[in-house]
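**Student:** Protein chains in written order, with this note's numbering: chain P, 3 to 260; chain E, 1385 to 1551.
Please note: incorrect hints may appear among the correct ones.
Away from chain P, derived, C-beta distances all over 12 Å, residues of chain E [as the list claims (entries may be wrong)]:
1) HIS1386
2) THR1392
3) ARG1393
4) ARG1403
5) LEU1404
6) THR1430
7) VAL1443
8) PRO1444
9) ARG1449
10) LEU1450
11) ARG1462
12) HIS1472
13) CYS1477
14) GLY1478
15) LEU1508
16) GLY1513
Covered stretches of chain P (in silico footprint by chain E; criterion: 3 or more residues with CB under 8 Å from a CB of chain E, positions within the stretch not fixed) [unchecked claim]:
17) 32-39
18) 83-97
These are computed hints drawn from the structure, not numbers from a lab. Using N, Cα and C, we set each Cβ at its ideal position, and we do this for glycine too.
Below are the chains, spelled out letter by letter.
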Amino acid sequence: MLRDEGPLVPMAGCTDLYVALNFGTLTATRFVDLWGLKDLRGIERGPDAIRIGALTTYSDLLASPLVGKELPMLAAAAREVGGVQIQNRGTLGGNVANASPAGDTLPVLAATDTLVELRSASGTRKVPFGSFYSGYRQTIARPDELIVALEVPRVGGQQWFRKVGTRAAQAISKIVFAGVGGRRPRMAVGSVAPTVVRLPKTEAALADGASVADAQAIMLTEIAAIDDLRSTAEYRRRVAGNLLAQFLERTRRMKGAR
Amino acid sequence: MHFTLNGTRVDVAAHPMTRLLDVLRDVCGLTGTKEGCGEGECGACTVLIDGAPVNACLVPFAHARLARVTTIEGLRGRHPLQHAFVEHGGAQCGICTPGMIMAAIALGNRPSIQQIRAGLAGNLCRCTGYAAIYRSIRAALPARQSGSRRRRSKRRGRLPPRGGQSR
Chain P
3 MLRDEGPLVP
13 MAGCTDLYVA
23 LNFGTLTATR
33 FVDLWGLKDL
43 RGIERGPDAI
53 RIGALTTYSD
63 LLASPLVGKE
73 LPMLAAAARE
83 VGGVQIQNRG
93 TLGGNVANAS
103 PAGDTLPVLA
113 ATDTLVELRS
123 ASGTRKVPFG
133 SFYSGYRQTI
143 ARPDELIVAL
153 EVPRVGGQQW
163 FRKVGTRAAQ
173 AISKIVFAGV
183 GGRRPRMAVG
193 SVAPTVVRLP
203 KTEAALADGA
213 SVADAQAIML
223 TEIAAIDDLR
233 STAEYRRRVA
243 GNLLAQFLER
253 TRRMKGAR
Chain E
1385 MHFTLNGTRV
1395 DVAAHPMTRL
1405 LDVLRDVCGL
1415 TGTKEGCGEG
1425 ECGACTVLID
1435 GAPVNACLVP
1445 FAHARLARVT
1455 TIEGLRGRHP
1465 LQHAFVEHGG
1475 AQCGICTPGM
1485 IMAAIALGNR
1495 PSIQQIRAGL
1505 AGNLCRCTGY
1515 AAIYRSIRAA
1525 LPARQSGSRR
1535 RRSKRRGRLP
1545 PRGGQSR
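The shape of chain E in the complex, shown without the other chains (with noise of 0.2 Å):
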């Protein structure tokens, strides 16, 4: 079945029902994005599609068919939010941040803590008490548009379907 991952057209077997959270781990290797409840309650698991956040827990492989599929690995450690949550201390244990990092990709540009704050409802942090999650986001958030603009258009059609964490 084909789908655009990470910028790169893809062709994947594995079964329609099949959880987009295994198809990414276990069959294309990315390992990026975790799993923690399962059921929908943690966010760990999210991932783009489309643009939008999902949570891979809860996505048959057939929705994906023809769609585009961002995970963490997609954003090449080089993402200023990537960088943030380092610099903040946004990553304790460090299984939440994948997930915290997709949900805020799709914050936009300069959201207010109210919007920071209720656009990461779905995601459970249990180390930081979040505080320095919202500070590594309103850190990385403002000068976000013109480089993620610049990465997207230099990442197009050069990331490799398959393999580890680009880091």
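For reference, chain P alone in the conformation it holds in the complex (with noise of 0.2 Å):
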């Protein structure tokens, strides 16, 4: 069906598709209703990751205590994504495939190595997350492919999230943050590029012993902060700087700690 007849848009909690349609940005008009599909939807452990059904809500996440306890970076940011509303509805599939730079999940599955599950009539295939993306708004799905889970693997490190925003709950992001610390810390952000972005030079540096003013430096040739409506890309870039340090202060505190 989505092979046949041209641009038909998947749809599920709609949280962005309506407003597209309310502001005319999305003109399509033919539609395929996921919402009801209840196998794309739950929380499973497997022996080296934890698989989240596409059509899982953000409620569901908060809800989950597997999530809460192997993800709490993941429950973090569900719960700043937006008000109860949006969280009862929002889906993580939807969230990674409406593929905007400022999507809150994205750094936290971007810092995790998630794969992401397409299917098509044709067959199942695994996309590491860092390669979704091809472009602003852009994924390197096929037309025919659906998203159907995003399987993280277990992380290992302490997790540390963090949304800056015009409020705690329902703004979008200026800047968001998620990171996994450890000998060699893995850190994404969103908002600062036309995709969300994994920090791997930074990661390097600071697994060679890098300083926190020299790991902000190469932070800053890893993303291209602009100036919109939101925020400007100096107060971005300035605050990507901050975040990465309380990042590295907080894991490295959490760890000494033990």
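Work from the hints to combine the two standalone chains into their complex.
**Tutor:** This is the structure:
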């Protein structure tokens, strides 16, 4: 069906879709409603990963003891994504599919080396999250493919998430950061480039013992912040650096306290 | 399409992609649910679907199929929260009030102030500065459970499917 007759827009929680429809930025007229597909909803623990169905809502994530224990930074992202009305409808798969550089859960998925499970009539494939986005609001998914699940590998280190926006809930982020502490930390930032970005050079430098100031300088080469209606490039660069420092301070202290 | 509106099973004809908000206001004539921003930011259009608060401006009518939809009219002007909002100045211009009350209903009994703040984070008010709203909710919710249970059973099946506000 997705392949046959031109643009057919998948819809589920509709929290992004109706914003686009109400403001005329989405002109599609054909939709396929996934909301009732129970098989795409739910959280399962596998041997090495947690598999989260694409239709799992933010409320489902917050209600899950497994997510609370193993992926607290994903719970933190779900809590801050919007008010309870948005949490009840918005889905993790939708956040990924919407492909906004400001998506709150995306730095979490990027920092954890999540796999995106895509399914079409011709089969299933798993794509590393780091290569899923090809540009601003662009993904490598084919028109006949649906995101069916996100597979988050087990996280070893301390997790840290912080969203900076105009208010704590219900505001699109000016900047959003997720990180996993450790000898080689893993970090990703949203709202500072056309897509969410991992920071491989900064991570490598920190693994080699770089100072916080050096790491902040390297980070600035890995992001491409711009001025837009929510913030300025200068503010974003400054805050990105501050978040990096705070992440390192918090995760190192948590480690030291053990 | 069949769904349960404020306790009564109704059959309403509308395009499945019509916003639930428009079905409630324009087709069912229930104008207590307000449109504020139309983009899920303000919470003025909050209604309950199967007991959970949602923004009716972001829900396709298709998703109401076979669901229980509760609007401010379903409270019939008699809910303790409605009295408390009047008594404690929780409503000024009134546009946010139906959404505030529907979101507050989902808070459960005796919420902490933090739970109230988190539960209403998706509801904006430009008049009160929120303190009077939180005060109203705190005043109403401790006694809520037995009262609303009694009222719910009295209400079942008696609310007309169409019509304006019952107050």
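**Student:** Given as covered by chain E, does the segment 32-39 of chain P meet the bar of three residues or more with CB within less than 8 Å?
**Tutor:** holds (count 3)
**Student:** Taking C-beta pairs only, is E/CYS1477 more than 12 Å away from all of chain P?
**Tutor:** holds (20 Å)
**Student:** If we take the beta carbon of E/ARG1449, is the closest beta carbon in chain P still more than 12 Å away?
**Tutor:** E/ARG1449 is in fact no farther than 12 Å from some Cβ atom of chain P, at 9 Å.
**Student:** Find the nearest Cβ of chain P to the Cβ of E/PRO1444 and say whether that gap is larger than 12 Å.
**Tutor:** violated (6 Å)
**Student:** Quick one: work out the minimum CB distance from E/ARG1462 to chain P and report holds if it exceeds 12 Å, violated otherwise.
**Tutor:** holds (24 Å)
**Student:** Could you check that no beta carbon of chain P comes within 12 Å of the beta carbon of E/ARG1393?
**Tutor:** Correct as stated: the minimum Cβ-Cβ distance to chain P is 20 Å, above 12 Å.
**Student:** Since E/ARG1403 was said not to touch the interface, does its Cβ keep a gap of more than 12 Å from each Cβ of chain P?
**Tutor:** violated (7 Å)
**Student:** Over 12 Å to the closest beta carbon of chain P is the bar; see if E/THR1430 clears it.
**Tutor:** violated (6 Å)
**Student:** Minimum C-beta separation from E/LEU1404 to chain P exceeding 12 Å: can you confirm that?
**Tutor:** violated (10 Å)
**Student:** Is E/GLY1478 truly not at the interface, in the sense that its beta carbon sits beyond 12 Å from all beta carbons of chain P?
**Tutor:** holds (19 Å)
**Student:** If I take the minimum Cβ distance from E/VAL1443 to any residue of chain P, is it greater than 12 Å?
**Tutor:** violated (6 Å)
**Student:** Is it correct that the beta-carbon of E/GLY1513 has no partner in chain P closer than or equal to 12 Å?
**Tutor:** holds (14 Å)
Going through the hint list in order, the structure does not satisfy hints 4, 5, 6, 7, 8, 9, 10 and 15.
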